[in-house]
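**Student:** All chains, full assembly: derive it from the sequences and hints.
Just so it is clear: in the sequence shown, position 142 is 141 by numbering that gives the first Met the number 0, and no numbers are missing.
Please keep in mind that the hints were generated in silico from the structure rather than gathered at the bench. Here the structure is a predicted model, which means the values were calculated and not measured. Hints should not be assumed to be uniformly reliable.
Restraint ranges, calculated between C-beta atoms of paired labels, are given here [what the hints assert, rightly or not]:
hint	residue 1	residue 2	range
1	Arg52	His217	17 to 27 Å
2	Tyr204	Gly3	19 to 29 Å
3	Val197	Asn148	31 to 41 Å
4	Asp44	Leu212	23 to 33 Å
5	Pro109	Asp169	18 to 28 Å
6	Lys95	Arg52	13 to 23 Å
7	Gln219	Glu188	36 to 46 Å
8	Gly120	Glu189	18 to 28 Å
9	Arg107	Cys27	21 to 31 Å
10	Glu189	Gln219	32 to 42 Å
11	Gly3	Glu24	20 to 30 Å
12	Leu99	Pro17	19 to 29 Å
13	His217	Asn63	12 to 22 Å
14	Lys220	Tyr198	41 to 51 Å
Positions of the beta carbon are idealized from the N, C-alpha and C atoms, including for glycine.
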Amino acid sequence: MLDGQNIAVLIPAYNEAPRIGRVLEVVCAADFVDQVVVIDDGSQDDTASVASRFPVLVLRHPRNFGKGKALVSGIRETKDSDIYLFIDADLLHLEKEHLLALAEPLIRYPFLDMTIGVFKGGRGSSDLAQRFFPILNGQRAVRGKWVRNLPDFSWTRFGVEVFLTKFAHDTAANIEMVPLWGLAHYHKEEKYGPFLGVYHRLKMYVEIFRTYLLYEGHIQKDPKVVEEKEERVCPSVT
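**Tutor:** Right under this line is the structure:
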C-alpha cells in the first residue's frame, strides 16, 4: 500500500511462459503493491503454472477472449482497489521504478484518472513506435473508481488501449503521459518466429482498427450512457 492507496497489478498473459517469470519477480518484490492478478487468457503453454510459483492470484480463461476481457476479469476480482496497474507479461528490463512512475502521479494528484507509460531508451524500434503511437502502450495506471464506471470494454481485445484513451478524451478525463526509461517489450517476431510473428502483429492491428470502427456503436448500446451521460457503469466490471 502506498500512501493509504490499495494497489492491484493486473497482468494479462497469453502463451507467455518463457517471459512472465521475470516480470513477476519484479512486481511481486514491489512492497507498495497489495495484490497481483495474472489473467491467463486461454494459454496453450505453461503460463499459468509459471505464474502459480509466485504469490499471485491466477485467473484462467477457458479460451482466448482477448486482452480487454482479461483486464475486465481482473478488475472484477479486485473491486476494492484504489489504483490498478496494467502491466504486460512480455516486458524487458522492468524495474520497480517503472511501477512507481505509473502509480505515483495518481497518488500525488487526486484529479488524475489515468497515466500512460511511454517507452524511452529501451529499444530503438519500441521507442520509435511509441513516438508515433503512444496511446497503444499497455503500461498504465488507472484510478479504481474511474475504470469501474466505464462502459463494457470486454469486447476490445488488443484494442483496449485505444478504447481507454478515446473514452478518456471523449469524457474529458485527466491523463498524464509518463516516460518509462529503459523499458521495452519482446517483439512478436521474437516470440513466435518471423512468419507467425507477422501474422500475430497483423491480427493485433486488425483488432485495434476494429475497436476504432465499433467504438461509437458499443458506447451507444450501453444503457447507462444512453440514460445518464454522467453515470456510466460497466456490468462486466462491477
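**Student:** Work down the list of hints and note, for each, if the structure agrees.
**Tutor:** Hints, one by one, checked against the model:
no.: 1; hint: Arg52 <-> His217: 17 to 27 Å; verdict: violated, 37 Å
no.: 2; hint: Tyr204 <-> Gly3: 19 to 29 Å; verdict: violated, 41 Å
no.: 3; hint: Val197 <-> Asn148: 31 to 41 Å; verdict: holds, 38 Å
no.: 4; hint: Asp44 <-> Leu212: 23 to 33 Å; verdict: holds, 32 Å
no.: 5; hint: Pro109 <-> Asp169: 18 to 28 Å; verdict: holds, 22 Å
no.: 6; hint: Lys95 <-> Arg52: 13 to 23 Å; verdict: holds, 20 Å
no.: 7; hint: Gln219 <-> Glu188: 36 to 46 Å; verdict: holds, 38 Å
no.: 8; hint: Gly120 <-> Glu189: 18 to 28 Å; verdict: holds, 19 Å
no.: 9; hint: Arg107 <-> Cys27: 21 to 31 Å; verdict: holds, 24 Å
no.: 10; hint: Glu189 <-> Gln219: 32 to 42 Å; verdict: holds, 40 Å
no.: 11; hint: Gly3 <-> Glu24: 20 to 30 Å; verdict: holds, 26 Å
no.: 12; hint: Leu99 <-> Pro17: 19 to 29 Å; verdict: holds, 26 Å
no.: 13; hint: His217 <-> Asn63: 12 to 22 Å; verdict: holds, 20 Å
no.: 14; hint: Lys220 <-> Tyr198: 41 to 51 Å; verdict: violated, 31 Å
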